[in-house]
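Asks: The residues making up each chain are set out below.
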Amino acid sequence: MNLAKLNDIAAATKEKCKNKKRVCVCAGAACISSGAIQTLDSMKKIVKEKGLDKTVDVIPVGCIGACHQGPLVKILPDETIYQKITPAEAALIAEKHLAKNEVVKSLLFATGAGKESPVNSNETDFFKKQRKVVLETCGNINPESIEDYIAVGGYQALYNILSTLSQEEVIAEVKAGGLRGRGGAGFPTGLKWEMVHRYINSTKYVVCNGDEGDPGAFMDRSVLEGDPHRILEGMAIAGYAVGAQKGYIYVRAEYPLAIKRLETAIKQARVQGLLGDKIFETDFNFDIEIRIGAGAFVCGEETALLASIEGKRGTPRPRPPYPAESGLWGKPTLINNVETFANIPKLILIGGKEFASVGTQKSAGTKVFALAGKIMNTGLVEVPMGITLREIIFEIGGGIPGGKKFKAAQTGGPSGGCIPESHLDTPVDYESLGALGTIMGSGGMIIMDETSCMVDVARYFMDFCMNESCGKCVPCRVGTKQMFDLLNKICTGQGSPADLALLEELAPYVRETSLCGLGMTAPNPLMSTLRYFREEYMAHINDHWCPAGVCKMEPAAQLAEAHS
Amino acid sequence: MSQAQVVDVPESDPRVKQMLKVIKNYQKRPDALVQVLHAVQDTFGYLPMNLIRVVSKELHIPPSRVFGVVTFYYYFSLKPKGEHNCLVCTGTACYVKGAQKIIDQISASFGVKDGQTTPDNKLGLQTARCIGCCGLAPAVVLDNEILPRTDPAQITGLINARLGAKK
Chain S
1 MNLAKLNDIA AATKEKCKNK KRVCVCAGAA CISSGAIQTL DSMKKIVKEK GLDKTVDVIP
61 VGCIGACHQG PLVKILPDET IYQKITPAEA ALIAEKHLAK NEVVKSLLFA TGAGKESPVN
121 SNETDFFKKQ RKVVLETCGN INPESIEDYI AVGGYQALYN ILSTLSQEEV IAEVKAGGLR
181 GRGGAGFPTG LKWEMVHRYI NSTKYVVCNG DEGDPGAFMD RSVLEGDPHR ILEGMAIAGY
241 AVGAQKGYIY VRAEYPLAIK RLETAIKQAR VQGLLGDKIF ETDFNFDIEI RIGAGAFVCG
301 EETALLASIE GKRGTPRPRP PYPAESGLWG KPTLINNVET FANIPKLILI GGKEFASVGT
361 QKSAGTKVFA LAGKIMNTGL VEVPMGITLR EIIFEIGGGI PGGKKFKAAQ TGGPSGGCIP
421 ESHLDTPVDY ESLGALGTIM GSGGMIIMDE TSCMVDVARY FMDFCMNESC GKCVPCRVGT
481 KQMFDLLNKI CTGQGSPADL ALLEELAPYV RETSLCGLGM TAPNPLMSTL RYFREEYMAH
541 INDHWCPAGV CKMEPAAQLA EAHS
Chain W
1 MSQAQVVDVP ESDPRVKQML KVIKNYQKRP DALVQVLHAV QDTFGYLPMN LIRVVSKELH
61 IPPSRVFGVV TFYYYFSLKP KGEHNCLVCT GTACYVKGAQ KIIDQISASF GVKDGQTTPD
121 NKLGLQTARC IGCCGLAPAV VLDNEILPRT DPAQITGLIN ARLGAKK
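As you go down the protein sequences, you meet chains S and W in turn.
For the first sequence, the working numbering gives the first residue as 1, with consecutive numbering after it.
For the second sequence, the working numbering gives the first residue as 1, with consecutive numbering after it.
Bear in mind the hints are in silico, worked out from the structure with no lab data behind them.
Predicted, not measured: the structure shown is a model, and the values here were computed from it.
Among the clues, some could well be false.
[Claimed, not checked] Residues on chain S that point at chain W, a partial pick, calculated with CB under 7 angstroms: (1) I37; (2) Q38; (3) A296; (4) A307; (5) E310; (6) G352; (7) K353; (8) G373; (9) Q494; (10) S496; (11) P497.
[Claimed, not checked] Rough simulated footprint, nothing fancy, chain W against chain S, three-plus residues with beta-carbon under 8 angstroms: (12) 5-11; (13) 29-35; (14) 203-214; (15) 443-457.
Cβ coordinates follow ideal geometry from the N, Cα and C atoms, glycine included.
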């Protein structure tokens, strides 16, 4: 592969699509389960039957974002999105929009009732405030075609750095971009690369953490499914910068489609000489292997993940030494999250300075969130850092369905916390969310309304941590169990003020003495709900009553109350 | 799944040869253990005890360590699954949208608890931490097919249709 060939592929692919409409049928896991494959097949068949195939391409694409309205069909270059398209409605779209250029108004993607849906879906409330960097081409290109990715500028960043930049210059660029780890903790990415780069004369590895275990998070799945080449390119760039020749992508077994698309992408990249030996006719060799997880949440922790790649039980070990010094098989290892790698090609192409112009001063760029729970528009959104939670939930997300009242936004999964209404105007960045007692997390955002009980939610997450604790260290193994039992007592109406005091005493111990992030953050959901919804705990304890009507009180507790 | 018999697979089974080929593809590297176990479970539906010993021998890892890895990961099963399998997602989004009611309904309709199969081995019920389809909560995976926005009132019918279709 060389630049001329890369440009040839891009030009040829663009030429093929020239003056043609492109029908993108969302083939993300969510749309597939709503029947997208039938819609895709029907659309293909009808386009052929009507002889439209000279002017129309029908392709499957990755996640378009608005999962609640799937199967979605997007027409390019018009940027028109149609929602909940059945095979029969696909025929209608072909007949009107594709053949006669007439928009089918009744099927247009809509957010919020009572408003007329714009023909250009980027003008809808759902898309208007979004800013796409990671998801730039996800939903516009066929994830199973390397040509499609190259046509939108793919692998150009890899060529640029290999031909013009030294390793140090690449790292300097990433540092200038101010990119921070998107897995949740927010460690500066450039700094991490520099740490690995520093070790000379050693075999090194690049690892992509795709063990997206937080319940309620599906950003990485969507990126892996929708734009796998972007991850490969990001990893190759990292490999060059730190001096590694081998990369591993660790993906959950629960994401079979992501694994399949990655396998296809890796094969294609090898054939094109974009992975393997002498990439772009330079001395840079880099190859990537997939490692499939086996359902252990703790494997999202970096040292546990590395143990799992080595084929062992996925238990963490104390740090330091950090993986940057001693990682896979004791060698210096760079480990970044899927979304972090997905940011890299764009960062290189536009330059660090331009990249940092989006977002806030300390948190540059954008963040992908998975909106779910009691919210009108569930799905995948990418927003600039610094946007407020209120904008995400009420403008992009469309607010709470069924006329219910907002109660809390939960970010960071079992390691995060709940944010109440009073703090909704907080800007989304690492520091601000940290100050609220939660974390940015990997991007799961679950919205809860008045019918969700905060004590029950705290118990749910404690149950999660208790079950997923690997058992290696005592504070986590025993502490989560004790905290769960106490929460369970409160949820069944048998708790006392002393139990609450004990919980508050126990939580800091678990946080400070656990071996890894799982135990250290396990008390977060408890602590944050206690901080903002203490009155709900008190209602359970003093009145044996669950204000949200979720917890079933033990009859004995109510009986005791009646006799007292 | 108390009713299911734990059975060994005879080593003359043609699929065992296939398994040995997978191990060879990984050049018998011990670090491929988790990947090899995936391949075995994909082929047989579970991890037969005698084949765990074969894997141990081929990869030069003590059986105790292989067993330790097998039991550590939630995904691996030492017992055969049901003919049809229903996996209810209990991720946060599904939880707040009523996954427990779905589980209760399935348990009541088919007399099967989480982690068990029905006495005739027709249906197995499992739960998952999160399948990443939070936009479609509450979600259920029935024989590898994701059912979006399930409803306790309809789930029994959906499963019955599946059980009937492949009799």
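Asks: Once the shortest beta carbon distance from Q494 of chain S to chain W is found, is it less than 7 angstroms?
Replies: Violated - the Cβ of Q494 of chain S stays beyond 7 angstroms from chain W, reaching only about 20 angstroms at its closest.
Asks: Examine the stretch 29-35 of chain S: at least three residues should have C-beta closer than 8 angstroms to a C-beta of chain W.
Replies: Our answer is that it holds, as 5 residues pass the Cβ test (under 8 angstroms) against chain W, meeting three.
Asks: Please check whether K353 of chain S passes as an interface residue: C-beta within 7 angstroms of a C-beta belonging to chain W.
Replies: With Cβ-Cβ at 35 angstroms, over 7 angstroms, it is violated.
Asks: Please check whether S496 of chain S passes as an interface residue: C-beta within 7 angstroms of a C-beta belonging to chain W.
Replies: Violated, because the Cβ-Cβ distance from S496 of chain S to chain W comes to roughly 26 angstroms (cut-off 7 angstroms).
Asks: With a cut-off of 8 angstroms between beta carbons, are at least three residues of the stretch 203-214 of chain S near chain W?
Replies: n = 3 at 8 angstroms, threshold three: holds.
Asks: With 7 angstroms as the cut and Cβ atoms as the points, is I37 of chain S at the interface with chain W?
Replies: 11 angstroms, violated
Asks: Is the interface hint satisfied for P497 of chain S? The criterion is a beta-carbon contact with chain W at less than 7 angstroms.
Replies: 28 angstroms, violated
Asks: Grab the minimum C-beta distance from E310 of chain S to chain W and call the hint holds if it beats 7 angstroms, violated otherwise.
Replies: Because about 5 angstroms separates E310 of chain S from the closest Cβ in chain W, which is inside the 7 angstroms limit, the hint holds.
Asks: With a cut-off of 7 angstroms, does the beta carbon of G352 of chain S approach a beta carbon of chain W closely enough for the hint to hold?
Replies: 32 angstroms, violated
Asks: Take the shortest C-beta to C-beta distance between A307 of chain S and chain W; is it under 7 angstroms?
Replies: The hint is violated - A307 of chain S has no Cβ within 7 angstroms of chain W, the shortest such distance being about 10 angstroms.
Asks: How does the stretch 443-457 of chain S fare against chain W when you require at least three residues with a CB closer than 8 angstroms, holds or violated?
Replies: holds (count 5)
Asks: Hold the hint about Q38 of chain S up to the distance rule: shortest CB distance to chain W must be less than 7 angstroms.
Replies: Violated, because the Cβ-Cβ distance from Q38 of chain S to chain W comes to roughly 13 angstroms (cut-off 7 angstroms).
Taken one by one, the earlier hints fail for this structure at numbers 1, 2, 4, 6, 7, 9, 10, 11, 12, listed in ascending order.
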